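Undergrad: Sequence:
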Amino acid sequence: MENINRCKDLNIIDDVRYTSLQKQISTRKIRTREPVDDVIPVSEPKVWKQATEMIIKADVKTARDLLLDFDLPAAIVEEICNLKQGFFGKDTAEPKLKLINGGLS
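Residue numbers (the working numbering): -1 to 103.
Think of the hints as simulated: they come from the structure by calculation, not from any bench.
Please read all numbers here as calculations on a predicted model, not as lab measurements.
Glycine is no exception: its CB is placed at the ideal position from the N, C-alpha and C atoms.
Keep in mind that a hint or two might mislead.
Computed Cβ-Cβ distance ranges for the label pairs, DEER-style [as the list claims (entries may be wrong)]: (1) R26 to L97: 12 to 22 Å; (2) D57 to E0: 37 to 47 Å; (3) K27 to D7: 32 to 42 Å; (4) L70 to E0: 27 to 37 Å; (5) N3 to W46: 24 to 34 Å; (6) D35 to I98: 48 to 58 Å; (7) T17 to G84: 50 to 60 Å; (8) Q20 to E42: 29 to 39 Å; (9) A56 to K82: 13 to 23 Å.
Please construct the entire structure, taking both the sequences and the accompanying hints into account.
TA: Structure (structure tokens):
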């Protein structure tokens, strides 16, 4: 679908052909799902996982420091980087704010 929009933007197809293709997409109910979405498996991210593991293994950063650099919850980083659940350990709770000097004045 994006290819059709791109072709129209580049004047490869005219408005009549664009409309015709959009109607075909709607008729075939491809608008929400591509034809081969259920055939081609989705690949798992590899580079993020390898990079994360290499940084920690080479003692460039600790797992905790790396997690703080991401500035995201551990579960999200683990999912994005395709790491096992609990990779960053159990003591990776979200940072908590605390008031210093009795709060606001």
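Undergrad: Now tell me if each hint is right for this structure.
TA: How the hints compare with the structure:
1. Between R26 and L97 the beta carbons are some 59 Å apart, a value that contradicts the proposed interval 12 to 22 Å.
2. Between D57 and E0, the C-beta spacing of about 43 Å keeps the proposed range 37 to 47 Å intact.
3. Checked against the given bound of 32 to 42 Å, the beta carbons of K27 and D7, roughly 25 Å apart, lie outside it.
4. Checked against the given bound of 27 to 37 Å, the beta carbons of L70 and E0, roughly 28 Å apart, stay inside it.
5. At about 30 Å, the CB distance of N3 to W46 agrees with the hint of 24 to 34 Å.
6. The hint said 48 to 58 Å for the Cβ distance between D35 and I98, and at roughly 52 Å that hint holds.
7. Range check, T17 to G84: about 52 Å between beta-carbon atoms, so the 50 to 60 Å window is met.
8. Judged by the Cβ atoms, the range 29 to 39 Å given for Q20 and E42 holds: they are separated by roughly 33 Å.
9. Take A56 and K82: their Cβ atoms lie about 20 Å apart, and the range 13 to 23 Å holds.
In terms of the numbered hints stated before, the structure departs from hints 1, 3, listed from lowest to highest.
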